[in-house]
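A.B. asks: As a plain string of letters, each chain reads:
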Amino acid sequence: MRGETERAIRDERLSVILDALAEAVTVRAPNDHLVYANPAALQRMGVSSIQELREADPRSLMGSWETTDEHGHEVAMEDLPSVKLLRGEQPEPLLLRAVHRESGEEQWSLLKATAVRDGAGTIEAAVTIIEDVTQRRRATLQMEFLARVGDVLASSMDYQQTLRNVAGLVVPQVADWCAVDLFTEDGGREPVAIAHADADKLRTAARLRAYEPDRLDPDRGLGLVQRTGEAQLYTEIPDELLAAAAVDEEHLRLLREVGMRSALVVPLRTRERTIGALTMVSSDSGRRFDRRDLDFAEQIAARAALAVESTRLYSERSEIARTLQSSLMPDAIPQIGGWDVAALYRPAGEESRVGGDFYDFWEVDGDWLMMIGDVTGKGVAAAAVTSLVRYTARAASEYDARPAQVLARVDAALRRRPSISLCTALCLRISPDGAATLAVGGHPLPVRIGEQGVAEVGEHGTLLGALARTRWPETKLELRPGETLVAFTDGVTDTVGTGGERWGATRLNAALAQAHGQTAASIRERLVAELEGFEVGAQADDTAVVIMRHAGAPRDDRGDVRYAGVGAAQNG
Amino acid sequence: MRASEPRKTGKGEDVPSAPFEINVVRDRESATVTLAGELDIATVPRVEEAIEATLTDELQVLTVDLSGLGFVDSSGLRLFIVLDQRAAEQGWELRLLRPDAQVLTVFQVSGVEENLPFIEDASVT
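Those protein sequence lines, which keep their order, are chains R and W.
Using the numbering used here, the first residue of the first sequence is number 1, and each one after it goes up by one.
Using the numbering used here, the first residue of the second sequence is number 1, and each one after it goes up by one.
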């Protein structure tokens, strides 16, 4: 190279300017040799002087780096903007990723080339300005990556699947090998996910994991992370470290085969504890993890831990809801002397929701009390109120078992609560001989099915829990054998069908019109079939029904009517 | 304010129903919320939200017009009982304009009607 460019490079004033630039600048001659690099460029290329640069084969300069474009395609010297320019092309700026083959250092650069022409317009040299975009590029990639992690984490309520998806995402972009382990309560580990960029290596990695002890060593790797909750960075993994970690020759062979260059282990932490760890290993890509990679991995782990915690909470919540719900209902309908009883409960909406409908049966002085009700509100708060109502009613009946008095006691207990707690309830006392006493508080009146057909019975009373003026009139009934009382919550008659129409009392009565003489269980089946045939979509409210058919008073050996429940009957 | 999209239930399915409408008219010291449609567990939250927005410090009288309601369930009853208690605590006046006979029956049989400030006509003061 002769002429203007050469003179310019030797110009002291220009050198001062170029030396001071933070951007790396190189000048390439038409024979592809680099003839100049400012100090920033020399440093990036790992060359000590311009003299050394000029003497070097330009390919060997690139040869110490693994170079790819942003899509991971290999970049050869011919693809560099300066080389293209010298061949007469008009190159676009190139975003170049370079990983040093020895040190594992990763650089992202934006290369822009400009031609220097002589007086005749012939290209004399190509000047490349190399902007270091490593931090910017990493930040962009990390943001994109974390956004994808967020999508993956939100995609499944199965936390194991979620973690496998995350591991799959980490490979190969962030690491060559990624594993997720959860720590068990007893200090062991549960391997959940392992992903490797190379399927063969995945098998090796899987075999390798078989060597890892079930009980973690609290002073290294996973065990250390579990014990301290602190992330561990192994920037370099020298062979001595592998040899020290290997339990036998085969283990060491596998460790070497995986070719671990660098590794990091970050905790999956929730507010309470470290639930597991995310391990990333760099091997074939030659990358060496640094502090920034560790920070990034911790961000991924934080998101993963949150996702695991929420899926766990979700399943726990469902479990709590089921447990609560079952605690609000009797385990089984008791055997009630002289009565054939069946009940129905259908919760509305989501699985994890606790409904507000309930029913209960308990024995008092040889009679039975039945209560069915609907606590307004949903969820755990409603469940707490339901418990209060049930146990208050049971306790109250020990002192005064008249249904109106039971309702009054429940009303008083609800009013003592700090926030408004409302409940509709129906309380019925039945005797083995078919006698019944009924009181209703803000609840639908029950229907009686007899030879004359279906009719509402009882008298309305005040909704429980908040109202100042109250009254709970009692109604005395005498059921003949074969006659049935059906008590229900408003979810039954409010069931929504086509066009938003409600099931209503008319359809209920029609469904029960032919029920006289049928067993309680068959009446229940009939109601379920009718409701299921009518309803459209998921219902917003629970439904509960209690069906009590007077079966005729049980008689003992002497033919006397026994005023006792099943407990006494079994003992007697 | 108008709200008549299909109701969503827990499973996300649409339950077909008559449209439910909430209209709010207010000046500095009073507000009238007019409800039309079916007031149940699915529509109550929307009414609560609309009413909440009217409960400013300046409010003296809140009138809720129930004459357009075609249905009310126990969660609807609860809504008005809670409102009545808040009115007492916060020192403003609640007035409920009577619904038609069928819906009024629900308030009557539950004993709610005799405990809440129902009025016949909005012009009554």
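In short, the hints are calculated from the structure, not lab data.
Treat each hint with caution, since some may be false.
A partial selection of chain R residues facing chain W, derived with a Cβ cut-off under 10 Å [as the list claims (entries may be wrong)]: (1) Thr184; (2) Gly259; (3) Tyr345; (4) Gly442; (5) Ala468; (6) Arg469; (7) Asp490.
From the derived model, a few chain R residues whose C-beta atoms are all more than 12 Å from chain W [what the hints assert, rightly or not]: (8) Val171; (9) His443; (10) Leu467; (11) Arg471; (12) Asp541.
Among the chain W residues that face chain R by a calculated CB cut under 10 Å, a handful are [to be verified]: (13) Glu21; (14) Asn23; (15) Ala36; (16) Glu38; (17) Leu97; (18) Ile119.
Glycine residues also receive a C-beta, built at the ideal position from the N, C-alpha and C atoms.
A.B. asks: Each hint should be assessed against the structure and marked as holding or not.
C.D. replies: Hints and how they fare:
Given the 10 Å rule on beta carbons, the hint for threonine 184 of chain R is violated: about 34 Å separates it from the nearest Cβ of chain W. The closest approach between the C-beta of glycine 259 of chain R and any C-beta of chain W is roughly 49 Å, which is over the 10 Å cut-off, so the hint fails. The restraint placing tyrosine 345 of chain R at the interface with chain W is violated, with a minimum CB-CB distance near 16 Å, outside the 10 Å limit. Because the smallest distance between the Cβ of glycine 442 of chain R and any Cβ of chain W comes to about 4 Å, under 10 Å, the interface hint for this residue holds.
With 10 Å as the threshold, the beta carbon of alanine 468 of chain R comes within range of chain W, its nearest partner Cβ sitting at about 6 Å, so the hint holds. With a least beta-carbon distance of about 5 Å to chain W, the hint placing arginine 469 of chain R at the interface is held under the 10 Å criterion. Using the Cβ-Cβ criterion of 10 Å, the hint placing aspartate 490 of chain R at the interface with chain W is satisfied: the shortest such distance is roughly 6 Å. Remark: the non-interface label on valine 171 of chain R is consistent with the geometry, its nearest Cβ contact in chain W lying 35 Å away (cut-off 12 Å).
With a minimum CB-CB distance of about 8 Å to chain W, histidine 443 of chain R fails to clear the 12 Å threshold, and the non-interface call is violated. With a closest Cβ-Cβ approach of about 4 Å to chain W, leucine 467 of chain R is found to fall inside the 12 Å limit, against its non-interface label. The Cβ of arginine 471 of chain R sits about 7 Å from the closest Cβ of chain W, inside the 12 Å cut-off, so the non-interface label is violated. Not every CB of chain W lies more than 12 Å from the CB of aspartate 541 of chain R, the least distance being 5 Å, so the non-interface label is violated.
For glutamate 21 of chain W, the suggested interface contact is broken, since its CB lies about 14 Å from the closest CB of chain R, more than 10 Å. Annotation: interface hint on asparagine 23 of chain W violated; nearest CB of chain R at approximately 20 Å, more than 10 Å. With 10 Å as the threshold, the beta carbon of alanine 36 of chain W stays out of range of chain R, its nearest partner Cβ sitting at about 14 Å, so the hint is violated. At its closest, the beta carbon of glutamate 38 of chain W sits 7 Å from a beta carbon of chain R; the interface hint therefore holds under the 10 Å criterion.
Of the supplied interface hints, the one on leucine 97 of chain W is violated, with its beta-carbon coming no nearer than about 20 Å to a beta-carbon of chain R, more than 10 Å. At about 18 Å, the closest approach between the beta carbon of isoleucine 119 of chain W and any beta carbon in chain R exceeds 10 Å, and the interface hint on this residue is violated.
Checked against the numbered hints listed earlier, the structure breaks hints 1, 2, 3, 9, 10, 11, 12, 13, 14, 15, 17, 18; every other hint is satisfied.
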